[in-house]
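K.L.:
Now for the letters of each chain:
Number of protein chains: 2
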Amino acid sequence: MDESLSLRGAAFACKSNILQQGFKMCIQDLYDKDSNSQGFVNFGTSENKICFDLLHERLTRPDLNYLEPSLLEYNAPYGIKSLREAAAEFLSYYCQAPVPLNPDNIIILNGCNSIFCSLSASIFNPGDGFLIPTPYYNLIDEYTGAYTGARPIHVPLSSKVTETENYPFQLTIKKLEDAMEEGKKEGIPIKALILINPQNPLGEIYSKEFLVECLDFGQRHNLHVIIDEIYMLSVFNNATFTSVLSLHEVPDPEMTHFIWGLGKDFAMSGMRIGIFYTKNQHVLKSMSHLALFHQCPGPTQYVISRLLGDREWLENTFIPGNRQRLKESQLIMVHGLQDLGIPVLKSSAGLYVWADFRKFLTAQTLEAEMELWWRFLGEKLYIAPGKAFECYEPGWFRLTFSLPSDLLQAGLKKLKKLLKQETKTENCN
Amino acid sequence: MDESLSLRGAAFACKSNILQQGFKMCIQDLYDKDSNSQGFVNFGTSENKICFDLLHERLTRPDLNYLEPSLLEYNAPYGIKSLREAAAEFLSYYCQAPVPLNPDNIIILNGCNSIFCSLSASIFNPGDGFLIPTPYYNLIDEYTGAYTGARPIHVPLSSKVTETENYPFQLTIKKLEDAMEEGKKEGIPIKALILINPQNPLGEIYSKEFLVECLDFGQRHNLHVIIDEIYMLSVFNNATFTSVLSLHEVPDPEMTHFIWGLGKDFAMSGMRIGIFYTKNQHVLKSMSHLALFHQCPGPTQYVISRLLGDREWLENTFIPGNRQRLKESQLIMVHGLQDLGIPVLKSSAGLYVWADFRKFLTAQTLEAEMELWWRFLGEKLYIAPGKAFECYEPGWFRLTFSLPSDLLQAGLKKLKKLLKQETKTENCN
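Quick mapping for you: the protein sequence lines, in order, are chains H and W.
Quick note: the first sequence uses the numbering used here, first residue 1, plus one each step.
Quick note: the second sequence uses the numbering used here, first residue 430, plus one each step.
Okay, chain H solo, but in the shape it has when bound (with noise of 0.2 Å):
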């Protein structure tokens, strides 16, 4: 540690989660079937590259090529109005909402990262704890943490199947009342439990019913419920899906807020767009302020604004084309791992699909489990082990599938040669 840092800064300057190590090594040596077809393929970082040719066409249409003064000037932190309206309309439309949503009640930030952090510190005194099943997204525990200091209290999910739970990885309101016994016996200050619908990396979409239980858990213990539903439109295979927007009535408004964002539903990441919506106006004062520190550029809310709000492009290009190519995506990917014998979680939303590596690993440790995920990294494929989602389980990985063709048949290639010289390996053993 260098003395001139703090010790948060000295914390930070050695903080490297899997997800964003694995991210690292693949863009200094990204694959290309021209350029570079010895360089990594990117299993692991869960984004949308298969969209590009639909958004370059109505992203360089004239009319996005617009500029004004307020554009260009200060303007309220939290999103611009125009934005917020709009956000609000299409929202309101594709959440089902039974009422339209009061642009008032919508914060515009630079990401849903951005989003969890000023939640974070909005509602967590450092210390206090939030609920989340496992496996997830771990990176959430530096969003609600590195600023923040709130920590995760995991309800851990399992694959096997039992007279209560009918499904591998299955969510019950058991689980989450047995994290919060624990939790509270630890002395920790539970504030908040997180769901991420469609989960990931499950893929699982809850069920309306449930996601009921849920609400009415939070409020039994007056938690706050935040619900980040960032893949609610890469839903595919006609899965319905229930937005938390959509209930006519929740247990707790005040207590329930939601999270979306443009990097995977509208395929790109790199725009950074995160939106939240509550009735909480405490919550929204708050956030507000902090906005100062997660704005987006006028001009990129001004396209974006434009973008939410072109109906006609949305109904009849962008959804319907990006709903198919994910279809067709996931079928090449879940057919490549079967035929590698590679089980995968039926799911059919988000990008990705959760496998199980189980019978490659050396031994059933986590430590097997990073030992396997650094011979696919040798072999220049990178995808994103359990480790990374918390999971209890060593085994199960996450393979993106939102992947131009020729990248998707590099990757299951060399999948394939990999987990070949893995069986010849056991079998010499």
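In short, the hints are calculated from the structure, not lab data.
Keep in mind that the hints are not guaranteed to be accurate.
Unchecked claim - Quick list of in silico lysine to any residue cross-link-like pairs, SDA-like style, CA-CA up to 20 Å:
1) W:K708 - H:D2
2) H:K327 - H:N316
3) W:K478 - H:D2
4) H:K285 - W:E432
5) H:K285 - W:S433
6) H:K279 - H:V212
7) H:K33 - W:P498
Following the hints, complete the assembly by docking chain W onto the known chain H.
P.N.:
Here is chain W on its own, set in the frame of chain H:
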């Protein structure tokens, strides 16, 4: 306070800085010569509104209406390579760096406030102090304090000219030493000196010699020296400005940090681009991690990289055009104020003048200053009171001049009307 919030959340929810308050009033009822001639004239916000035509012409050219996949994808959160390279080249040239700056020492975030925020979290433990001469733009307290808990140690300057202070509000090393001593006595760990150069609100440009003395002072006390040069190109009348990056040697390179952004010098506060340079690799690592929360959109970064790299446009159009307009606008403001008998601190930098309204105060107190401020607001004229700059002498105000001439005239007219009433009231008493 609502109990759904954390302690700090409750504090954030109530926060309202004078400058934010004034700005908020203005944007709800803004003056427009055609549509709202009775609206607010904003002399209070430091914003350059005289270059929109130049920017519009450049920013809507076809070369900037460009998109490539990587711009919409995840990227290094501390700035894409091409922008960090363009920024390094730009700063090397305009700051007259003796050796070209290394792009790896640059971090790009969404605004200088985010730079202050993540830098502060990296170097300050909660409760640590930083020296800062007053008057100063006191939102810096929020930038350094909100997520971080650092606190300002004022170095109060005075308008009085004495044997050792040759001009009003002169900063001297003696004053820095005194404040350091005072802070130590109070048991505050002082970790940094923050300088704004050109100064805000004084418009003062520090001489090269004095800058070096400040750096020496910093080294003597093992302080981080943070130089915010956000107005470095808003210098006119052929005044000489010395950037800290131009120095051939600085006493402690690891503890010397540079901040600049496009908000002021490029007349685009709404674009949210802040640039940080340091040689301290530990600070860079910590800030790179926190960049997660302060990212700029890929397409915006592309646009800015092209803009910073367009030397032809910068040299022949934007920079001379902006300088000429700043000079002319400042003259209108200075003459307008002089006609009303309001003395103005002489300066050749910044977007504002620092003006002496002491004779219009009913008493030489901060209360009377705020009373006068509210009277201005009653006439829908917002100017920034000394209190917003932690000025220890009541009666000074900052007035922004980088505004279209109709706005300048409208504001001066309001001022005239108001001060006439003021004088009348005085005479009646």
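K.L.:
Against each hint, give a clear statement of whether it holds in the structure.
P.N.:
The hints, checked one at a time:
no.: 1; hint: W:K708 - H:D2; result: 13 Å, holds
no.: 2; hint: H:K327 - H:N316; result: 17 Å, holds
no.: 3; hint: W:K478 - H:D2; result: 43 Å, violated
no.: 4; hint: H:K285 - W:E432; result: 14 Å, holds
no.: 5; hint: H:K285 - W:S433; result: 12 Å, holds
no.: 6; hint: H:K279 - H:V212; result: 17 Å, holds
no.: 7; hint: H:K33 - W:P498; result: 15 Å, holds
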